[in-house]
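Asks: Protein chains in written order, with numbering that gives the first Met the number 0: chain A, 0 to 511; chain D, 0 to 400.
Please note that a few of the clues may not be correct.
Unchecked claim - To list a few chain A residues with every Cβ distance to chain D over 12 Å, as calculated: (1) 66; (2) 240; (3) 442.
Stated by the list, open to error - Pulled a few chain A residues facing chain D out of the computed Cβ check, cut under 8 Å: (4) 75; (5) 95; (6) 191; (7) 197; (8) 288.
I should point out that these hints are in silico values taken from the structure, not numbers from a laboratory. For every residue, glycine included, the Cβ atom is placed at its ideal position computed from N, Cα and C.
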Amino acid sequence: MFDKKSYTLYKFHKHLNQSFQNKRELLECALPALRDLFKLDRVYFFDWRKDRSLLSLKMMCKKEYCMDMQEDISVANEPAFLRALVHNGVAETTDLSYPALYLLLQWERPSVELRNGEIHTFMQEKVGVLRLERFRKNRLFSDTEIDMIKALGQEISHNLRNTEIDQAQNQRLNVSTALNDLSTIFASSLRLNDGLELILQGVQRYFRFDRVRLFLTDAEGKKIRTVLGVGLSGTVTHQESNQVSAEEAQIFKEVFNSSATYRAVRSVLYIPLKVQRNKVGVLTFDNIFSRRQIGYLDFISLQQFASQMALTIDNARLFERVQELSNYDELTKLPVRRYFNEKFAEEIYRSKRFDLPLSLIIMDIDWFKQINDTYGHQIGDWALQKVSQTLRSCLRQTDVPCRFGGDEMMIMLPRTNGEEAKVIARRLKEKIGAIVVPDRDGNPPRRLSISQGISTYPQDGETENSLLEKADKALYVVKARGRGDFALYRDVAEEAETLQPRENDKKEETEK
Amino acid sequence: MIIWVMPDSGARSKEDYAELLALFKQAHPEIDASVRVFTRNVLWRRMFTIKNPAHGEEVPDLIQIPHYWTSLLVKEGVAENLSLLDPGLSLASCLSPLKEHCYQPGTKDIYSYPWWFDLSALHYRADHLKLVSSHPEEDLQTWNGLLNICEALREHFSTVPNYFPIQNSDWRGSLSMRSALPCIWSSGTDFLTPDHTKTLVATKAFKDGLRDYVVLALNNYMPILRERGSLGTMMSGKASMMISRKQGISTFSARRGMRVHTVPVPATGKESCAYLSGMNLAINRLSQHKQDALTFIKFCTRPDMQVRYAGMIEAFPAFEDAFEQFIFSSSQRLSTYTQILASARTLPNLVIVGSIMEILKKILAQSAAAIVEDRFTMASLDKALDMAAKEIEYLLSINEG
């Protein structure tokens with residue numbers, strides 16, 4: 000048979016034998032039970048800050064309910080009280096006019112008997128303090144009651160400790176899930192910037208920081224290129240390097256030049272993103288508005304994540320660079336044929352879908368072979384560069400020029416009908432016509448000129464091939480007429496269909 | 000509908016809220032409402048996580064907020080635009096000092112609605128002060144006068160155990176930034192310059208203002224970090240004065256034979272200032288019960304409910320009709336608070352004001368601990384304020400006021 004104490008303990012144990020999400024839930028269950036068992040008027044739970052001898056009130060339980068409360072009590076100047084509390088686990092109040100008992104909630108591992116027979120307690124941790132009050136009837140706490148209260152206190156301590164461990168494990172699980180989710184974002188994002196924006200929003204959402212920012216460096220890793228940030232509102236902001244304050248730019252430099260793995264300046268944490276010696280950027284996060292402390296686990300997790308982030312950014316940049324190199328012609332810096340074909344197919348699809356016009360210009364530099372032969376290949380290359388520069392400067396952002404091969408170039412003009420394309424062709428003719436070939440060996444000065452053939456979707460063709468073919472035919476008409484001009488296919492369709500490429504043009508084509 | 004509130008009546012808060020909810024349910028039986036009481040600290044922290052609730056975390060529909068949190072919650076996207084919910088919603092009858100704290104700065108969109116407000120004042124026991132001063136009201140006009148009276152009272156009541164001239168009205172039993180505000184303002188300074196572009200926290204006037212308040216604890220005129228239950232009150236005769244934002248007259252009047260007078264907080268500088276602190280209600284943008292929440296707001300701002308609730312928690316109604324009804328119902332209240340209200344100031348509705356309060360609150364908490372442990376120096380307080388000023392400047396730089 001159980002004695003009364005064991006039975007009460009068993010019942011209390013059963014009462015607390017459930018899973019609690021957090022300390023608050025546990026206390027809301029334990030404190031009312033204590034109150035009822037000992038006919039208490041109020042029970043208080045304090046956090047115990049031993050380093051400052053400070054009891055920090057968190058919850059009060061009275062009548063039928065519990066409530067969050069806040070009050071700080073310093074016991075630094077009460078050594079007798081402190082001694083009693085720490086050594087005996089209980090202490091009676093020294094200056095309250097009614098019975099009140101403080102109970103130290105202390106968690107310890109079961110003691111172990113060492114070989115020499117000594118009993119040793121390896122781990123001990125103070126998890127809080129309870130204050131039990133009886134002010135209505137002023138009934139003192141008997142020794143039996145104090146014994147029982149201590150026993151129940153141990154039960155609460157163990158449950159508090161277990162709940163804390165559960166909470167910490169849940170937090171770890173949440174963090175690793177969050178980081179896993181964030182890592183997959185990189186894999187699912189088509190463009191680096193899109194991925195980074197999602198990552199920053201994710202970091203803020205999961206870790207609940209006030210701000211998360213990412214300073215990205217230029218290709219050389221020397222200067223800030225751009226800053227992506229997510230603030231209180233949760234929206235992503237972009238800042239250019241010139242918008243970064245001088246103070247922050249200085250911190251950025253210091254963080255990069257230091258070998259430290261992080262730096263805290265005021266309330267902001269800076270983690271450098273480096274891959275070997277390659278400086279990719281700096282990840283910063285803070286709770287600058289809320290003033291909440293950043294948890295150690297959060298910090299460590301983000302530090303690990305930052306190295307993964309650095310590697311991903313570095314890889315993505317490398318990939319972008321490789322892509323850039325393979326998509327652009329080294330000499331003219333214009334896109335190459337393969338890239339152009341992809342864009343051309345996309346744009347035809349878009350034009351069909353949204354019923355938009357599209358024009359294509361095929362052009363080549365007149366007498367390019369002669370220029371090469373007369374002035375040398377260096378001047379030939381120079382001419383190609385000047386023409387491509389002119390193309391880039393005269394065209395709109397949406398237009399796509401490309402070097403198709405030799406001196407032949409193409410320009411795709413989205414949302415442009417034939418008449419508009421002719422305006423552009425005229426402008427190119429004039430601008431390129433103003434370029435004078437430099438004379439080194441006493442040759443007569445010579446201006447560059449171009450011939451251009453134009454076709455338009457949908458009037459001249461509805462596929463890439465038909466548009467290319469029609470533009471090419473229009474170009475032959477221009478060449479047949481003596482070059483240095485442009486023609487829209489449908490304006491010269493009849494002539495183009497009867498005309499065969501001239502022999503010398505064919506010859507020139509094969510020699511290119 | 001879930002309402003998050005603060006413990007405005009201390010240990011009696013739950014009872015007061017239960018009474019308020021019972022009245023609401025009588026008027027609107029179709030709306031199921033429950034209240035969660037959180038301390039201001041907890042509520043402040045939750046304001047930053049409310050938008051991204053973790054799995055299973057409760058989302059409130061309505062939140063009680065100090066007036067100066069409005070613009071922060073707008074910036075965060077937590078507060079719902081009440082003008083969108085009800086375009087007819089108006090602040091026309093709201094007391095003018097409270098109005099500007101309800102809008103998104105620079106617009107006329109209402110994001111929080113006033114509920115009640117309180118005013119700091121000095122309450123004193125006439126019988127106690129008569130023992131040490133022939134003209135208490137005159138002596139209590141200045142801070143030095145207050146300190147002299149404290150000294151005289153302590154000497155007079157030296158045989159009374161656990162006696163302190165001033166009762167600490169702070170719920171945490173610590174140094175309170177909100178109680179310090181009148182001292183700072185009275186010194187002729189503020190957190191920020193009038194155009195809100197620079198901080199004045201590191202200026203001599205600010206430091207002096209805060210020092211004046213800290214002296215109350217440093218000289219042991221006011222208890223800090225002590226067990227509340229162990230401390231006496233003005234009513235039990237273990238204290239003679241209290242600087243409080245609760246108007247308290249009805250409590251004191253209920254005590255037969257004890258006369259309590261209320262005067263403005265003594266001036267540390269040229270003139271006295273009172274801290275006017277408004278409590279507003281904001282609807283969570285994530286709420287699924289926005290119309291119910293709006294109904295609750297309208298219920299709380301009904302003139303009869305304004306008067307009733309203000310009486311329950313010892314505060315003031317936020318709307319003109321109710322305020323007049325409330326203040327004219329007691330000639331003592333009228334004569335006392337007319338003067339105090341005229342000198343009242345409030346914190347501006349800026350995004351960073353809540354953060355500034357947190358920074359300064361931490362400094363005061365550290366100072367309180369240092370005082371109790373006998374290691375406090377004014378130089379350490381000044382140094383902490385210098386550091387705080389840098390932090391505030393940074394906050395200003397990232398938020399443009």
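Asks: What are the numbers of the hints that this structure violates, sorted from low to high?
Replies: 1, 6 and 7
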